[in-house]
Amino acid sequence: GQSLEQPSEVTAVEGAIVQINCTYQTSGFYGLSWYQQHDGGAPTFLSYNALDGLEETGRFSSFLSRSDSYGYLLLQELQMKDSASYFCAVRVNDYKLSFGAGTTVTVRA
Amino acid sequence: NAGVTQTPKFRVLKTGQSMTLLCAQDMNHEYMYWYRQDPGMGLRLIHYSVGEGTTAKGEVPDGYNVSRLKKQNFLLGLESAAPSQTSVYFCASSPGTSGSGEQFFGPGTRLTVL
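Residue numbers (the working numbering), protein chains in the order written: chain C, 1 to 109; chain Z, 1001 to 1114.
If you're looking for bench data, these hints aren't it; they were derived computationally from the structure. Since this is a predicted model, take the numbers as computed values, not measurements. Keep in mind that a hint or two might mislead.
If you want the footprint, here are the derived chain C segments under chain Z, 3+ residues with CB under 8 Å [what the hints assert, rightly or not]:
{"no.": "1", "region": "22–36"}
{"no.": "2", "region": "61–68"}
{"no.": "3", "region": "99–109"}
Built from N, CA and C at the ideal position, the CB exists for glycine as well.
Using the sequences plus the hints, can you model the full thing?
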């Protein structure tokens, strides 16, 4: 089976930094992805880590430690538009993802 | 390029009724997926397809059937709807095995079963 753990909610002010942790136990592991979902809309892809280390894409960064079965998404210089749900997802084989329950990020002025 | 589209956007059914949800993608992707999303539970895979004419069960396939007669379309059927199938249904597609395995999602279908 698959098990992914991430916090259910995070609140921060504009301009702050938020880190969303994700720990996983899965039967297969190709890499860790992150998706963003605004208010029940379509989830959209943010990042993917197949190897250990940090990947940076603008204000967002994602980190993976395969030996610790752990990753995180770092949101910097928070903006109001970053208020959304963020899902970690393990790529368990060539074509399947297993999603966490999601973290709701609320950005306050 | 419309990406992934889903029909209908909203639907209310009575228990025991049947319906089909249609997903279409214009990106020539090999892989297609149906997920359901319930509050606090993330996205759960119902069925998926790795190519035209092929389908396979995901985590929560009971009560659903699928077909992929054309590469661009993936249909999800509910033969006898139950209140437990009230959910938001998302279709997704992915180009194949290379790269990140990024999945592209449709806008969702909000289904209520009374």
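Status of the hints after comparison with the structure:
With a cut-off of 8 Å between beta carbons, the region 22–36 of chain C has 3 residues touching chain Z; three or more are needed, and the interface restraint holds. Taking a C-beta to C-beta cut-off of 8 Å, the region 61–68 of chain C contributes 0 residues in contact with chain Z, too few for the three needed, and the coverage statement is violated. Only residues whose beta carbon comes within less than 8 Å of a beta carbon in chain Z count, and the region 99–109 of chain C has 4; three or more means the coverage holds.
Violated hints amount to a single one, hint 2; each of the other numbered hints is respected by the structure.
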